[in-house]
Amino acid sequence: NAGVTQTPKFQVLKTGQSMTLQCAQDMNHEYMSWYRQDPGMGLRLIHYSVGAGITDQGEVPNGYNVSRSTTEDFPLRLLSAAPSQTSVYFCASSRAGQTTDTQYFGPGTRLTVL
Amino acid sequence: DAKTTQPPSMDCAEGRAANLPCNHSTISGNEYVYWYRQIHSQGPQYIIHGLKNNETNEMASLIITEDRKSSTLILPHATLRDTAVYYCIVRVMRAAGNKLTFGGGTRVLVKP
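Listed in order, the protein sequences are those of chains Z and B.
The first sequence finishes on residue 114 if you use the numbering used here, and the numbering steps up by one all the way, no holes.
The second sequence finishes on residue 112 if you use the numbering used here, and the numbering steps up by one all the way, no holes.
Rather than coming from a laboratory, the hints here were simulated on the basis of the structure.
Among the hints, erroneous ones may be present.
[Claimed, not checked] Sample of chain Z residues lacking proximity to chain B, with all beta carbon distances greater than 12 Å (derived): (1) 4; (2) 6; (3) 28; (4) 33; (5) 59; (6) 71; (7) 83; (8) 92; (9) 96; (10) 103; (11) 104; (12) 113.
[As the list claims (entries may be wrong)] Chain Z side only, calculated, beta carbon under 7 Å to chain B, not exhaustive: (13) 45; (14) 48; (15) 64; (16) 94; (17) 101; (18) 106.
Think of the CB as a built atom: it goes at the ideal place given N, C-alpha and C, for glycine as much as any other residue.
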């Protein structure tokens, strides 16, 4: 299994541009999440999904959209990039309904907005 | 989710045990203690979790006090590859979407 994969690894945007960060998992996990991590800080939850077609907001959802059309994929869309969205973005997945709810994280996407 | 308090940093000698404390005095009866770590520039990695009994796996041991107000993560024989930020997280199991709330963590530096 490849686990959780994220593309691209690095991205530079100009203010106002839009883009989509890709996340995919091959573990048939029901739950998927997006976090952002600013320098020297812990991770903060942006959006999450408990299954295909179901999404919900986390702590810092403004400026981001998500959709979950398949179990495998959970893309994160930046609608109009702002410098405050410069961060490292991590996607995570986990299984529902188990005695353990371990989350598996991807390698991250490093985004810079100029 | 209950709030946790961890020291911001600590050093450890290679080959020695690393004991990482975490205070969670407001923990509720149905909340678990989870530990994750983040090696530089990588995604967080699950280490261990427990409710009230001590737990051990191939990576670490988790000691939870009887009143559950604090816990200690023990890395039995620290290696240079254990240098990372360690996060103590308290939450109910299977919270909506299995969400995690990260605090500041403890930055552990393992020295030769």
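How the hints compare with the structure:
1. With a least CB separation of 8 Å from chain B, residue 4(Z) falls inside the 12 Å interface cut-off, contrary to its annotation.
2. Taking the minimum C-beta to C-beta distance to chain B, about 9 Å, the non-interface status of residue 6(Z) is violated against the 12 Å cut.
3. No beta-carbon of chain B is positioned within 12 Å of the beta-carbon of residue 28(Z); the least distance is around 15 Å.
4. With a cut of 12 Å on Cβ distances, residue 33(Z) falls inside the contact zone with chain B, its closest approach being about 6 Å.
5. Not every Cβ of chain B is farther than 12 Å from the Cβ of residue 59(Z); the closest lies at roughly 8 Å, contradicting the non-interface assignment.
6. Look at residue 71(Z): its CB is around 14 Å from the nearest CB on chain B, clear of 12 Å, so calling it non-interface holds up.
7. Its beta-carbon lying about 21 Å from the closest one in chain B, residue 83(Z) satisfies the requirement of being farther than 12 Å from that chain.
8. Distance check for residue 92(Z) against chain B: the nearest CB is about 7 Å away, which does not clear 12 Å, and the non-interface claim fails.
9. Residue placement check: residue 96(Z) does not keep its beta carbon more than 12 Å from all beta carbons of chain B (closest about 7 Å).
10. A beta-carbon of chain B is positioned within 12 Å of the beta-carbon of residue 103(Z); the least distance is around 6 Å.
11. Look at residue 104(Z): its CB is around 8 Å from the nearest CB on chain B, not clear of 12 Å, so calling it non-interface is violated.
12. No beta-carbon of chain B comes within 12 Å of the beta-carbon of residue 113(Z); the shortest separation is about 19 Å.
13. For residue 45(Z), the interface hint holds, the least distance from its beta-carbon to any beta-carbon of chain B being 6 Å, beneath 7 Å.
14. Interface restraint check: residue 48(Z) against chain B, minimum CB-CB distance 4 Å, threshold 7 Å, status holds.
15. Checking residue 64(Z) against chain B: minimum C-beta separation of about 15 Å lies over 7 Å; hint violated.
16. Taking 7 Å as the C-beta cut-off, the interface hint given for residue 94(Z) holds, the closest approach to chain B being about 4 Å.
17. Using the Cβ-Cβ criterion of 7 Å, the hint placing residue 101(Z) at the interface with chain B is satisfied: the shortest such distance is roughly 4 Å.
18. Proximity of residue 106(Z) to chain B holds as hinted, the smallest CB-CB distance being about 5 Å (cut-off 7 Å).
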